[in-house]
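Student: One letter stands for each residue in the lines below.
There are 2 protein chains.
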Amino acid sequence: MTSFPAALSAAADRVEARLQAEIATLPPSVVRDAMAYAARGGKKLRGFLVLESARLHGIAPEQAVAAAAAIEAIHAYSLVHDDLPAMDDDDLRRGQPTVHVKWDEATAILTGDALQTLAFGLLARPDAAPTDAGRLTLLATLAHASGGAGMVLGQALDIAAETAATPLDLDAITALQAGKTGALIEWSACAGARMAGADPAALIAYAQALGLAFQIADDLLDIEGDIALAGKRLQKDEKAGKATFVSLLGIDGAKARARDLVAQAQDALAPYSADADILRQAAQFVIARKG
Amino acid sequence: MTSFPAALSAAADRVEARLQAEIATLPPSVVRDAMAYAARGGKKLRGFLVLESARLHGIAPEQAVAAAAAIEAIHAYSLVHDDLPAMDDDDLRRGQPTVHVKWDEATAILTGDALQTLAFGLLARPDAAPTDAGRLTLLATLAHASGGAGMVLGQALDIAAETAATPLDLDAITALQAGKTGALIEWSACAGARMAGADPAALIAYAQALGLAFQIADDLLDIEGDIALAGKRLQKDEKAGKATFVSLLGIDGAKARARDLVAQAQDALAPYSADADILRQAAQFVIARKG
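Keeping their order, the protein sequence lines are chains A and B. Using this note's numbering, you'd call the opening residue of the first sequence number 15 and step up by one each time. Using this note's numbering, you'd call the opening residue of the second sequence number 15 and step up by one each time.
Chain A with its partners taken away, still in its complex shape (with noise of 0.2 Å):
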């Protein structure tokens, strides 16, 4: 069997490379240019969530991969526009400046217009699913995911909390994670399901758990990663005086939650036996990783 970082490294590879396929089917500007900066690199893990869940199902890759790609332009419009100034602010994104550094901020909010606009117009490729049906199934949700039910309306109340008169307890914390970090993971774990008209609840349970496992592991991160690896501005968050899943648990806390959650995101994959041994792997990865 194939191991999970080999996995992770084939699905970033293959995923990377429709991104920028499709992404050079735009005519030239400087808005492809930044499109194509914004897209490069990152461990690619939602797009490795669609193609694995995708071949729990029976679906290859060559079937799925333009839903991979599609999830991974979402993910990096959102980084474009979260990183403007009126937002987090951040001049540094994967160890390279942000794309309104590079560039500037009007190039990077119709750079984000445009990596969301490609990402709905790969779900219309014959290889974002095998059928008409399965396309829009993953439209219909990927918009109720990403938008003002989801990652955006998470992103919404994260600024909200900003300027808030008391700090978030834990239900708000994992209220807005669900919506910023949670929603496109479990968007990605459920696609293959959704893809061949399965019940997805099996890969709903895992993902919510992944979900806030891997923001949890983020937040650590933020306070123990190394700037090197992480490749962004550290302990931002504590800087900002922002309740995190850390400040609310204590780092040791936090650590004891990450491993219950893991656990349990490995326990709902019963359904899929041996079969998603990979997914199990990923789970634990999560919180294992150094950037």
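One or more of the hints may lead you astray.
Note: identical chains are not told apart, hence a pair may lie in one copy or across any two.
Claimed, not checked - Straight-line alpha carbon distances no greater than 25 Å define the calculated SDA-like cross-link-like pairs of lysine to any residue that follow:
id	residue 1	residue 2
1	LYS256	TRP117
2	LYS256	PRO42
3	LYS116	ALA178
4	LYS256	PRO41
These are computed hints drawn from the structure, not numbers from a lab.
Knowing the structure of chain A, use the given hints to seat chain B on it.
Tutor: Only chain B this time, still in chain A's reference frame:
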């Protein structure tokens, strides 16, 4: 036969209601409020074109209204982002404070993002087109028309023009307009043919002439318009020293060119005979409008 103003007004009411109903399905948030605010008002000319081209192909408004709402959501998102300080820096839109003035820049960025997401989500709804294949064709063509090969490309060219050493010539202005305004108008006018699986060639020819006439009329309004009617800061392009159709052709030349384009748009509808009279009136309207 219905007259164009009656058809436009009926379409505007129907499309706005569908769009607001979709926004109302989102969980409460400042972004949802700002989306509802940004989607309010306007002529809804693009939504009208979708419903009217659907009618021409035997498709009832109830089977197409989500597609009409989708294009208006795209248009609204583009205005919210265009108005941002890093872009056109406008504080008034349709006579009201723009989203970043009424709320703040972060909210405006997220509101535009979520309106775009909503647009694509609407195309997955049963009332976007009578068939799955129709919905997917609308999705693929809207992604092309609104992204880095269409509207966003036009905006990028527009920004580049502002810092260019020499003003744009007529060909460059025409290419810029084809992306910035033309692509969405073309998508709207062709939507009915695409829903029905019919050849959109006649509607493409109509829309290309209409879109150009629309932009020339906009440039003329910018020079001659009345601030109370147009509801936005006027003579902005002139102040910025930007090349426009009016600066290149003169007021009389621009008016003559717009009249020729309207005739061209009307002629392109020959295959539809009298059934397309409302679209013929629409072409006349775009150069006669006062705001």
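Student: The structure should be examined with respect to each hint, and the outcome stated for every one.
Tutor: Quick rundown of the hints versus the structure:
Within a single copy, LYS256 and TRP117 get their C-alpha atoms only as close as 29 Å, which misses the 25 Å cut-off; across copies the closest is 22 Å, which meets it. In this assembly of identical chains, LYS256 and PRO42 lie within 25 Å of each other by CA distance solely across copies; the values are 23 Å between and 41 Å within a copy. Taking the shortest Cα distances, LYS116 and ALA178 sit within 25 Å of each other only across copies (19 Å), while inside one copy they are farther apart (32 Å). Taking the shortest alpha-carbon separations for LYS256 and PRO41, only the inter-copy value of 24 Å comes in at or below 25 Å, while the best intra-copy value is 42 Å.
When each numbered hint is compared with the structure, no violation occurs for any of them.
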